[in-house]
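Residue numbers (the working numbering), protein chains in the order written: chain A, 1 to 426; chain B, 1 to 162.
If you're looking for bench data, these hints aren't it; they were derived computationally from the structure. Do not rely on the hints blindly, as some may be mistaken.
[What the hints assert, rightly or not] Which stretches of chain B does chain A cover? Using the computed rule of at least three CB atoms under 8 angstroms from a CB of chain A, they are:
no.	stretch
1	88 to 94
2	145 to 156
[Stated by the list, open to error] Cut-off 30 angstroms, straight-line C-alpha distance, at most; resulting in silico cross-link-like pairs (DSS-like, lysine-lysine):
no.	chain 1	residue 1	chain 2	residue 2
3	B	K120	B	K102
4	A	K348	A	K306
5	B	K42	A	K227
6	B	K94	B	K157
7	B	K85	A	K227
8	A	K356	A	K337
9	A	K355	A	K374
10	A	K227	B	K50
11	B	K121	B	K102
12	B	K157	B	K85
13	A	K150	B	K120
Even for Gly, the Cβ is constructed at its ideal location relative to N, Cα and C.
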Amino acid sequence: MTDHVYGFDTLCLHSGQIPDSDTGSRAVPIYQTTSYVFDTPEEAASLFNLQTFGNVYTRLSNPTVAVLEERVAALENGRAAVAVGSGMAAQMIALLNICEAGDEIVAAKTLYGGTHTQLNVNFRKLGINTIFVDSDDPENFARAITSKTKVLYAETLGNPSLNILDIEAVSKIANQAGLPLFIDNTFASPYLCRPFEWGAAISIHSATKFLGGHGTTMGGVVVESGKFPWDNGNFSTMTQPSPGYHGVRFYETFGDFGFTMKCRMEGLRTFGPTLSPFNAFLLLQGVETLPLRMDRHCSNALAVAKHLEAHDKVAWVNYPRLKSSQSYELGQKYLPKGAGAVLTFGIKGGAAAGKKFIESVQFLSHLANIGDAKSLVIHPASTTHRQLSEQEQIDCGVPPDLIRLSVGLETLEDILWDIDQALSQT
Amino acid sequence: MVWSIKNMSDIATLQRVLSSSKTIAVVGLSADWYRPSYFAAKYMQEHGYKVIPVNPKYQEILGEKCYPDLASIPCKVDIVDVFRKSEDALPIAKEAVAIGAKHLWLQIGVINEEASELAKKSGLTVVMNRCVKIEYARLFGGLHWFGVNTRIITARKQIPKP
Numbered sequence: 001m002t003d004h005v006y007g008f009d010t011l012c013l014h015s016g017q018i019p020d021s022d023t024g025s026r027a028v029p030i031y032q033t034t035s036y037v038f039d040t041p042e043e044a045a046s047l048f049n050l051q052t053f054g055n056v057y058t059r060l061s062n063p064t065v066a067v068l069e070e071r072v073a074a075l076e077n078g079r080a081a082v083a084v085g086s087g088m089a090a091q092m093i094a095l096l097n098i099c100e101a102g103d104e105i106v107a108a109k110t111l112y113g114g115t116h117t118q119l120n121v122n123f124r125k126l127g128i129n130t131i132f133v134d135s136d137d138p139e140n141f142a143r144a145i146t147s148k149t150k151v152l153y154a155e156t157l158g159n160p161s162l163n164i165l166d167i168e169a170v171s172k173i174a175n176q177a178g179l180p181l182f183i184d185n186t187f188a189s190p191y192l193c194r195p196f197e198w199g200a201a202i203s204i205h206s207a208t209k210f211l212g213g214h215g216t217t218m219g220g221v222v223v224e225s226g227k228f229p230w231d232n233g234n235f236s237t238m239t240q241p242s243p244g245y246h247g248v249r250f251y252e253t254f255g256d257f258g259f260t261m262k263c264r265m266e267g268l269r270t271f272g273p274t275l276s277p278f279n280a281f282l283l284l285q286g287v288e289t290l291p292l293r294m295d296r297h298c299s300n301a302l303a304v305a306k307h308l309e310a311h312d313k314v315a316w317v318n319y320p321r322l323k324s325s326q327s328y329e330l331g332q333k334y335l336p337k338g339a340g341a342v343l344t345f346g347i348k349g350g351a352a353a354g355k356k357f358i359e360s361v362q363f364l365s366h367l368a369n370i371g372d373a374k375s376l377v378i379h380p381a382s383t384t385h386r387q388l389s390e391q392e393q394i395d396c397g398v399p400p401d402l403i404r405l406s407v408g409l410e411t412l413e414d415i416l417w418d419i420d421q422a423l424s425q426t
Numbered sequence: 001m002v003w004s005i006k007n008m009s010d011i012a013t014l015q016r017v018l019s020s021s022k023t024i025a026v027v028g029l030s031a032d033w034y035r036p037s038y039f040a041a042k043y044m045q046e047h048g049y050k051v052i053p054v055n056p057k058y059q060e061i062l063g064e065k066c067y068p069d070l071a072s073i074p075c076k077v078d079i080v081d082v083f084r085k086s087e088d089a090l091p092i093a094k095e096a097v098a099i100g101a102k103h104l105w106l107q108i109g110v111i112n113e114e115a116s117e118l119a120k121k122s123g124l125t126v127v128m129n130r131c132v133k134i135e136y137a138r139l140f141g142g143l144h145w146f147g148v149n150t151r152i153i154t155a156r157k158q159i160p161k162p
């Protein structure tokens, strides 16, 4: 007898929640509590020793947050997940789980500006060095690996250059070197791409974007595939007694969810970027409709991209579903259902025309986010990527005239109307 | 070491094994409180099972008399739970058959197809490369508090404990 395998849409609605035995509440209850009472001192000791499963303190675990964690783990077809307060916290917790002073990270140079800064500035202060490579050639990762390398890091879709990573090729390079590939899968969401199917070890999300989907809530999730052999000799921190948690050997004790348990009991416990239970509840409301929203995001974005490509005021358009995109072929492989909500373009007249466009839109919202149900627009060179030098901006795929659109779920004709009327003023 | 979903017993089988059992002989149980075998045995004891330690090194663990081997156990054993090297599993499987145990459970990392086949041929249910504690918590509550993908989908209230 084999277990029934549920479809993605069912998992979006049901994974992680068993209706609670006392009330039968159908919606996920919000456990807005910091702490949990113990029955006896012995039970408390067992909980602290991790000898029994249970909740102690919401910085470590919370029943509402746990539903979100399990649901995202199920959507990624992974083994386990841990949720945190933001996407930036998610990648920090994931990377610091296995990296320490003296270690190296090899990362795509087209990462989101905030991620680039976290690695290039903040991690360097901790003694963790990142080598940034042109990820369009997977062999560049292999060339940058040294004996100090602990992890390869990249995004499914670069932000905002929208270059698609050849995940399978980079996974192969990572695994041959005994290293895990971490993928920031925020732009695709597990509905469009599941990095574990291509050999990645860890998937990271800013749940703030498509998982939440309504622009209300910050959150991040780290998911582990459960398939990476952490006992291959390169990760003593996973196999040796933890000095931060009374000598527990996380891989031996928790096996294929040892990585996330370590994130929880070391990273969350001591750095503390906890997700609030209420925010987990809001993110869960978003996840319920993820497939429906992603389909509409993709179809609207493709229509907008084609419209812009044909517009005589537009100098260039970048969307992986356009045949003109350098990522078109990889998009067919890794994003068969659609290339997501985000596209970029430049207007004839450069940065000044772009500024005029953003000043002229009627209901496209000028703000620094993506993945909202509403359409969003921004000029990254002056906002999200402002902290980088002009050369770093160009290296990240942010030319001065680039405008980024996160196409929402409004009536398509209205989105095109707003774009046209704003373009007519440039 | 690599875990595979392919090795995973189905939910109905695991429920049957855990619900129909009362006594678990834990082969290779350590008396060190921080060892995984101790974690698992203590947990199962706290959840109502009689744990019988099997380890020639000790007299008593977790308040229970410790036996040097399965054959020395004077009472009926439902589950033989193995915390030993994979290559040691075959003689233990033979002993489990000999004492009339109902189920052979090989813990995480204990993978031995020969032992599994031998036990199955004698009518034992075999669970391999899984932790008895983790699977109990997966089916009857606990594991879902730690973000693990339990693959349990239900609109029924919490599954009653065995």
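Now for the hints, and whether the structure bears them out:
no.	hint	result
1	88 to 94	violated (count 0)
2	145 to 156	holds (count 12)
3	K120/B / K102/B	10 angstroms, holds
4	K348/A / K306/A	17 angstroms, holds
5	K42/B / K227/A	28 angstroms, holds
6	K94/B / K157/B	40 angstroms, violated
7	K85/B / K227/A	21 angstroms, holds
8	K356/A / K337/A	34 angstroms, violated
9	K355/A / K374/A	20 angstroms, holds
10	K227/A / K50/B	33 angstroms, violated
11	K121/B / K102/B	12 angstroms, holds
12	K157/B / K85/B	39 angstroms, violated
13	K150/A / K120/B	42 angstroms, violated
The structure fails to meet hints 1, 6, 8, 10, 12 and 13 from the earlier list, while all remaining hints are met.
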